[in-house]
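**Q** Each chain, letter by letter, is given below.
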Amino acid sequence: MESVIDIRGLGLAFERDGKRAEVLRGLDLSVARGSFVAIVGASGVGKSTLLRVLIGLAEASAGSVRVSPRGAERQPVALVFQDARLLPWRRVVDNVAFGLEGSGLSRAERRAKARAALAIVGLADFAERWPHQLSGGQRQRVSLARALAVEPEVLLMDEPFSALDAITREGLQDELTRIWAKTGKTILFVTHDLEEATYLADRVVVLAGAPGRAVADHIVEAPRPRSRGDARDEALHASVRHHLGGEELRDGAGV
Amino acid sequence: MSTAIEAGAAPPARPRRRPIPAAALAAAGLAALLLLWEAVPRLGLVSATMMPPPSALPAVFMDELRSGAWTGAILASLSHYLAGLAVGAGLGVALGVAAGMSRAFEAATAWIVRVLRPIPGLAWVPFAIIWFGVSTRAAVFIIAVGVFWIVFFAAQGAVRGVDRDLIEVADAFGFRSARERLVKILLPAASPGILVGLRTALGQAWMAVVAAEIFGVAGLGQRMMQASSLLATETVVVYMLTMAALYGLFDAGFVALQRWALRWKA
Numbered sequence: 024m025e026s027v028i029d030i031r032g033l034g035l036a037f038e039r040d041g042k043r044a045e046v047l048r049g050l051d052l053s054v055a056r057g058s059f060v061a062i063v064g065a066s067g068v069g070k071s072t073l074l075r076v077l078i079g080l081a082e083a084s085a086g087s088v089r090v091s092p093r094g095a096e097r098q099p100v101a102l103v104f105q106d107a108r109l110l111p112w113r114r115v116v117d118n119v120a121f122g123l124e125g126s127g128l129s130r131a132e133r134r135a136k137a138r139a140a141l142a143i144v145g146l147a148d149f150a151e152r153w154p155h156q157l158s159g160g161q162r163q164r165v166s167l168a169r170a171l172a173v174e175p176e177v178l179l180m181d182e183p184f185s186a187l188d189a190i191t192r193e194g195l196q197d198e199l200t201r202i203w204a205k206t207g208k209t210i211l212f213v214t215h216d217l218e219e220a221t222y223l224a225d226r227v228v229v230l231a232g233a234p235g236r237a238v239a240d241h242i243v244e245a246p247r248p249r250s251r252g253d254a255r256d257e258a259l260h261a262s263v264r265h266h267l268g269g270e271e272l273r274d275g276a277g278v
Numbered sequence: 252m253s254t255a256i257e258a259g260a261a262p263p264a265r266p267r268r269r270p271i272p273a274a275a276l277a278a279a280g281l282a283a284l285l286l287l288w289e290a291v292p293r294l295g296l297v298s299a300t301m302m303p304p305p306s307a308l309p310a311v312f313m314d315e316l317r318s319g320a321w322t323g324a325i326l327a328s329l330s331h332y333l334a335g336l337a338v339g340a341g342l343g344v345a346l347g348v349a350a351g352m353s354r355a356f357e358a359a360t361a362w363i364v365r366v367l368r369p370i371p372g373l374a375w376v377p378f379a380i381i382w383f384g385v386s387t388r389a390a391v392f393i394i395a396v397g398v399f400w401i402v403f404f405a406a407q408g409a410v411r412g413v414d415r416d417l418i419e420v421a422d423a424f425g426f427r428s429a430r431e432r433l434v435k436i437l438l439p440a441a442s443p444g445i446l447v448g449l450r451t452a453l454g455q456a457w458m459a460v461v462a463a464e465i466f467g468v469a470g471l472g473q474r475m476m477q478a479s480s481l482l483a484t485e486t487v488v489v490y491m492l493t494m495a496a497l498y499g500l501f502d503a504g505f506v507a508l509q510r511w512a513l514r515w516k517a
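Order-wise, the sequence lines are chains A and R. If you read the first sequence in our numbering, its first letter stands for residue 24, the second for the next number, and so on. If you read the second sequence in our numbering, its first letter stands for residue 252, the second for the next number, and so on.
Treat the hints with care, since some could be wrong.
What the hints assert, rightly or not - Computed cross-link-like contacts, SDA-like style, restricted to lysine to any residue with a CA-CA straight-line distance of at most 25 Å:
1) R:Lys-516 - A:Gln-161
2) R:Lys-516 - A:Arg-130
3) R:Lys-516 - A:Arg-152
4) R:Lys-516 - A:Arg-114
5) R:Lys-516 - A:Pro-111
6) R:Lys-516 - A:His-155
7) R:Lys-516 - A:Gly-159
8) R:Lys-516 - A:Ala-150
To be verified - With beta-carbon atoms standing in for the labels, derived distance ranges:
9) R:Asp-414 - A:Arg-152: 18 to 24 Å
10) A:Gly-79 - R:Gly-412: 21 to 27 Å
11) R:Asp-502 - A:Ser-126: 39 to 45 Å
12) A:Ser-91 - R:Gly-412: 39 to 45 Å
13) R:Asp-502 - A:Arg-152: 28 to 34 Å
14) A:Gly-41 - R:Val-366: 30 to 36 Å
15) A:Asp-51 - R:Ser-428: 30 to 36 Å
16) R:Gly-504 - A:Arg-152: 27 to 33 Å
17) R:Pro-443 - A:Ala-36: 36 to 42 Å
18) A:Arg-89 - R:Ala-429: 24 to 30 Å
19) A:Ser-129 - R:Pro-443: 27 to 33 Å
20) A:Arg-89 - R:Ser-428: 22 to 28 Å
21) R:Pro-443 - A:Gly-125: 22 to 28 Å
Note that these hints are calculated values from the structure, not bench results. Built from N, CA and C at the ideal position, the CB exists for glycine as well.
Using the sequences provided together with the hints, build the complete structure.
**A** Have a look at this one:
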């Protein structure tokens, strides 16, 4: 299958306080167009760093990263941060339109696209609100709409639901599955929650070690639509835990 | 009346005391001050020249208004005020933002700032007169110096304090030039802090107006000095109150503007 992301021998190291810290080493990963891939791993293993390299917020020190968009998108990848990071001085619709500025579209066209993206995440009626008037879950949906609005080929998501309460999180997981099915985007979803990964993704890549590299790569067979029970794929969980060799997965923060 | 119904039933309720509205108290306080102020010269405790009673002021005000002196002084002072504020605040915001954005710029100017900052605005008066003469430009210069540092430090601090995470959002969406960063993130994010500095500057600039004009540039301050040298103390008080009113007007206007500009804040 045609891949939209090709990562070969990716390494990333930086100097901090005169000490060299190596975050990633020799990471290979190909992501098929239209697939939903979850990256799991313990905090500090470099999951978020991988996304930051793909979006250009961090620079690889070794290897190559190639993103091959189908068309000539101005922005082939878009990132949804762990916290919504909305710009508080912009109304919801203008937050969503943010990434479209500089695209040559008029303000009216940008706002129209933003409203369409808000409709996808079910917040069409909130376009004129200020971010502080939204709940945490709504803010994260606006953040998702902001990424969708630029019509990227690949959606990068960095533990986007980890700061939300359980009920909101489950609602957004279902919504994301629906959006993925509807838009056909490629999604690279970083999480430290293995159940979340197996509930959402086609494929789960496990990062482990310091520096981090891919130690396991599983195809999730459960048919869609999935029930949350399917996520309890005990064999898969056991296998992943084996690869992680006792590393603690669920310890909040992430990197 | 409801008292008729309650009569005889329950033991007489203690009349509930309503708190007096703050505005009423404020008005009463002001009235008390005016009364005291009126009484002191009238009772002969102090001569009316030393302390002109408020009742003498309206007539003096009308004279000043009719002669055109009042309007002329206000217009002259306002032009100094606005020009000085625009120059001082404009430069303060521009250089403060630059210092907040660029470590190199901040480092290069650090010692210059350390030398110039402690010099009071009024200490520039001799040079203002030497450079510009007793002129509008001298007044504008003194006012601009008086507000520059307040705005400079407010802008620098506000820009420095902008959440790095928001700058990353701009980066993630491909807005990476200094100009895009400035316009899309830094200025709006720093605007609350910059506006606080500007509001302080608004008050500081009035002080500088009076100071500049006392040295002879036409305006409220000059008119006050003329009146004072003739012992026309009522006129002095009229202009003092005029300044208070103008300041109040500008401050209220600015606060309204500020509230509108920051309506996105929780």
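**Q** Each hint should be assessed against the structure and marked as holding or not.
**A** Going down the list of hints, with the structure as the test:
Only pairs whose Cα atoms come within 25 Å are accepted, and R:Lys-516 paired with A:Gln-161 is accepted, the gap being roughly 18 Å. Proximity of R:Lys-516 to A:Arg-130 is assessed by CA-CA distance (about 23 Å); at most 25 Å being required, the pair is judged to hold. Among the hinted pairs, R:Lys-516 with A:Arg-152 is consistent with the structure: their alpha-carbon atoms are about 12 Å apart, no more than 25 Å. This hinted pair checks out: R:Lys-516 and A:Arg-114 have alpha carbons roughly 11 Å apart, not beyond 25 Å.
A threshold of 25 Å between alpha carbons decides the hint, and for R:Lys-516 with A:Pro-111 the separation of about 7 Å falls inside it, so the pair holds. Distance hint between R:Lys-516 and A:His-155 is fulfilled; the C-alpha atoms sit about 7 Å from each other, no more than 25 Å. For the proposed pair R:Lys-516 and A:Gly-159, the alpha carbon gap of about 16 Å is at most 25 Å, so the pair holds. For the suggested pair R:Lys-516 and A:Ala-150, the alpha carbons sit about 17 Å apart, so the restraint of at most 25 Å is met.
In this structure the supplied range 18 to 24 Å holds for R:Asp-414 paired with A:Arg-152, their Cβ-Cβ distance being about 21 Å. In this structure, A:Gly-79 and R:Gly-412 meet the distance hint of 21 to 27 Å, their C-beta atoms being roughly 25 Å apart. A hinted range of 39 to 45 Å holds for the C-beta pair R:Asp-502 and A:Ser-126, which are about 42 Å apart. A beta carbon spacing of about 40 Å between A:Ser-91 and R:Gly-412 agrees with the range 39 to 45 Å that was offered as a hint.
Under the hint 28 to 34 Å, the C-beta atoms of R:Asp-502 and A:Arg-152, about 31 Å apart, fit the expected range. Under the hint 30 to 36 Å, the C-beta atoms of A:Gly-41 and R:Val-366, about 35 Å apart, fit the expected range. One distance hint, 30 to 36 Å for the beta-carbon pair A:Asp-51 and R:Ser-428, holds here, with the actual separation near 34 Å. In this structure, R:Gly-504 and A:Arg-152 meet the distance hint of 27 to 33 Å, their C-beta atoms being roughly 28 Å apart.
Range check, R:Pro-443 to A:Ala-36: Cβ separation about 39 Å, and the 36 to 42 Å hint holds. Against the hinted window of 24 to 30 Å, the Cβ-Cβ separation of A:Arg-89 and R:Ala-429 comes to about 29 Å, which satisfies the hint. Remark: the range hint 27 to 33 Å for A:Ser-129 to R:Pro-443 is upheld by a beta-carbon distance near 30 Å. Hint check: A:Arg-89 to R:Ser-428, Cβ distance near 25 Å, so the stated range 22 to 28 Å holds.
The hinted window of 22 to 28 Å between R:Pro-443 and A:Gly-125 holds, with their beta carbons roughly 26 Å apart.
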